[in-house]
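Colleague: If you read the sequences in order, they're chains A and B.
Throughout, our numbering is defined as the position within the first sequence, counted from one, plus 3.
Throughout, our numbering is defined as the position within the second sequence, counted from one, plus 3.
To be clear, the hints were calculated from the coordinates, so they are not data collected in a lab.
Take these hints with a grain of salt, some might be off.
The list cannot tell twin chains apart, which means a pair is met if one copy fits it or any two copies do.
[Stated by the list, open to error] In silico lysine to aspartate or glutamate, EDC-like type, Cα no more than 16 Å apart, as pairs:
| no. | residue 1 | residue 2 |
| --- | --- | --- |
| 1 | 143 | 224 |
| 2 | 274 | 11 |
| 3 | 47 | 27 |
| 4 | 274 | 132 |
| 5 | 204 | 132 |
| 6 | 154 | 132 |
| 7 | 167 | 132 |
| 8 | 73 | 116 |
| 9 | 73 | 55 |
| 10 | 30 | 40 |
There are 2 protein chains.
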Amino acid sequence: MIRKELTEIIKKKRSFLCVGLDSDINKIPGHLLNTEDPIFEFNKHIVNATHESAVAYKPNLAFYESMGSKGWISLEKTVNYIRSKTSDIFIIADAKRGDIGNTSAMYAKTFFETYNFDGVTLAPYMGLDTVSPFLEYDGKWSIILALTSNKSAADFQYIEDNDKVSLYQNVLKTARTWGTNDQIMFVVGATKAEALADIRKIAPDNFLLVPGVGAQGGSLEEVAKYGMNDHCGLLVNSSRGIIYASVDHDFAEVAKQKAVELQQEMEVYLKRSNLI
Amino acid sequence: MIRKELTEIIKKKRSFLCVGLDSDINKIPGHLLNTEDPIFEFNKHIVNATHESAVAYKPNLAFYESMGSKGWISLEKTVNYIRSKTSDIFIIADAKRGDIGNTSAMYAKTFFETYNFDGVTLAPYMGLDTVSPFLEYDGKWSIILALTSNKSAADFQYIEDNDKVSLYQNVLKTARTWGTNDQIMFVVGATKAEALADIRKIAPDNFLLVPGVGAQGGSLEEVAKYGMNDHCGLLVNSSRGIIYASVDHDFAEVAKQKAVELQQEMEVYLKRSNLI
């Protein structure tokens with residue numbers, strides 16, 4: 004999917020919501036545990052309930068891997084189910100991989116061939132070599148960590164060089180040159196909404212994947228205010244605030260309600276920016 | 004496994020060799036492809052051939068993931084097979100994970116509970132939050148990327164702060180305080196052997212995992228000269244140089260021969276440092 008298509012889906016659905024599928028066997032409603040594949044069953048209900056409000060899904064790989072090979076089967080079924088349900092969707096492997104050469108090529112193969120993802124989150128520490136095998140796939144995205152929303156992001160991301168440019172700014176400056184705006188997206192934590200204005204000076208045209216709205220405390224209004232560009236340029240993720248809003252029999256209905264609330268708020272900001 | 008035990012295995016086997024299991028379905032000998040699980044079959048032969056010369060194995064996760072859930076089954080069987088074969092062994096998941104909070108805890112669970120690894124390679128970009136859930140497991144290791152051997156390592160790892168301290172040096176300085184020398188190990192590429200002397204000034208006591216000897220061109224003698232400390236403090240990895248030294252019916256014999264050659268060279272350096 005190229006940037007233009009993603010923007011069209013955003014306009015059509017009046018939403019830039021990404022639903023994070025951090026599907027945890029210890030948190031999903033108990034009545035699902037008797038099914039053959041509880042994680043897939045949970046995801047299926049969540050997808051059914053939210054796919055009209057969401058433009059993207061983001062399975063968090065750690066949750067699937069922690070279940071071993073069974074988890075990878077649940078993941079595969081989930082991706083295929085989303086694809087069967089709608090073509091107006093962007094699917095992200097939140098994998099934060101980061102390796103080089105032949106190994107990196109294997110990761111690209113995993114997420115773009117073995118599994119049919121549109122994008123993968125990647126760690127920039129090892130430089131371009133981490134990303135280049137992913138760039139060889141047309142219509143696929145490298146979603147590179149820039150500024151994260153966790154407390155210890157400051158350990159390294161804020162270290163300034165001699166020109167007072169911090170590491171995360173150097174990552175943005177350098178990594179945006181590695182590919183086109185149809186290939187490179189950045190992860191920017193929502194708890195740093197005011198930093199989005201500065202980030203937009205460095206990377207005006209790239210899509211930004213913004214986690215941390217909701218459970219992690221970021222403000223959607225501020226993210227839209229500082230981060231939106233003339234292609235929208237935002238995917239804002241919510242995981243726990245949607246998928247675990249209820250952990251009872253009504254979990255899918257409540258998830259739907261939460262997703263619709265976010266979609267409606269997003270619609271306001273899209274209108275405010277004359278995007279719809 | 005604590006550092007003392009690892010050092011004892013090194014002394015007993017007169018080796019600090021780590022064999023990298025970058026087991027690729029497109030590279031293993033053709034006659035194995037008819038078996039039920041070719042990757043496991045290949046690994047079993049490699050382990051049988053090399054376990055007396057190696058103190059560690061390092062499956063490279065990308066190669067297993069690229070085969071989907073089947074690959075994770077091969078991985079699990081491989082770890083269990085190594086454990087059944089010998090207790091004098093350290094097993095590393097070369098996964099280069101890097102996430103935070105609950106997600107990071109899930110990765111720790113994956114590698115230390117679902118699979119019985121001794122250590123996992125981790126990317127430092129997001130800071131301490133990435134590593135802290137791994138530190139909660141006694142006898143398990145966080146193996147943190149510091150200086151890598153690839154060309155584009157220079158993109159970010161060499162960026163200097165105001166005090167002329169480069170990012171990889173900042174990672175060493177900061178991350179070594181996150182845990183004890185029984186918990187924190189660093190990845191340092193062998194093509195930068197001369198940098199090992201400086202690295203030892205910052206992290207004198209940590210074990211270093213050194214890839215890049217052999218196929219990637221690093222010199223074992225230089226790594227031993229600049230990197231060895233009074234606990235040995237080194238695990239030197241070779242992957243392709245051992246496991247693909249022959250891709251014919253004699254692959255296991257040739258792998259054994261290559262592993263023995265490296266072990267014998269390592270024995271010289273261990274003696275030179277009065278460790279054995």
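Colleague: It remains to establish, for every hint, whether it holds in the given structure.
Modeller: A quick look at each hint next to the structure:
1. For the identical chains of this complex, residue 143 and residue 224 are neighbours neither inside a copy (29 Å) nor across copies (43 Å), given an alpha-carbon limit of 16 Å.
2. For a Cα distance limit of 16 Å, the shortest separation of residue 274 from residue 11 inside one copy, 14 Å, qualifies, whereas the shortest one across copies, 67 Å, does not.
3. In this assembly of identical chains, the alpha carbons of residue 47 and residue 27 lie at most 16 Å apart only when taken from the same copy (14 Å versus 33 Å across copies).
4. Taking identical chains as interchangeable, the C-alpha atoms of residue 274 and residue 132 are never at most 16 Å apart, the minima being 40 Å within one chain and 38 Å between chains.
5. Taking the shortest alpha-carbon separations for residue 204 and residue 132, neither the intra-copy value of 26 Å nor the inter-copy value of 28 Å comes in at or below 16 Å.
6. In this homomeric assembly, residue 154 and residue 132 come within 16 Å of each other (Cα to Cα) only across copies, at 7 Å, whereas the closest approach inside a single copy is 28 Å.
7. Neither within a single protomer nor between protomers do residue 167 and residue 132 lie at most 16 Å apart by alpha-carbon distance, with minima of 26 Å and 25 Å respectively.
8. With identical chains, the CA atoms of residue 73 and residue 116 are at most 16 Å apart between copies only, with a shortest distance of 15 Å across copies and 19 Å within one.
9. Taking the closest pair of Cα atoms, residue 73 and residue 55 never come within 16 Å of each other, the shortest separation being 28 Å inside a single copy and 33 Å across copies.
10. Taking the shortest Cα distances, residue 30 and residue 40 sit within 16 Å of each other inside one copy (15 Å), while across copies they are farther apart (34 Å).
The structure fails hints 1, 4, 5, 7 and 9 (numbered hints given earlier, in ascending order).
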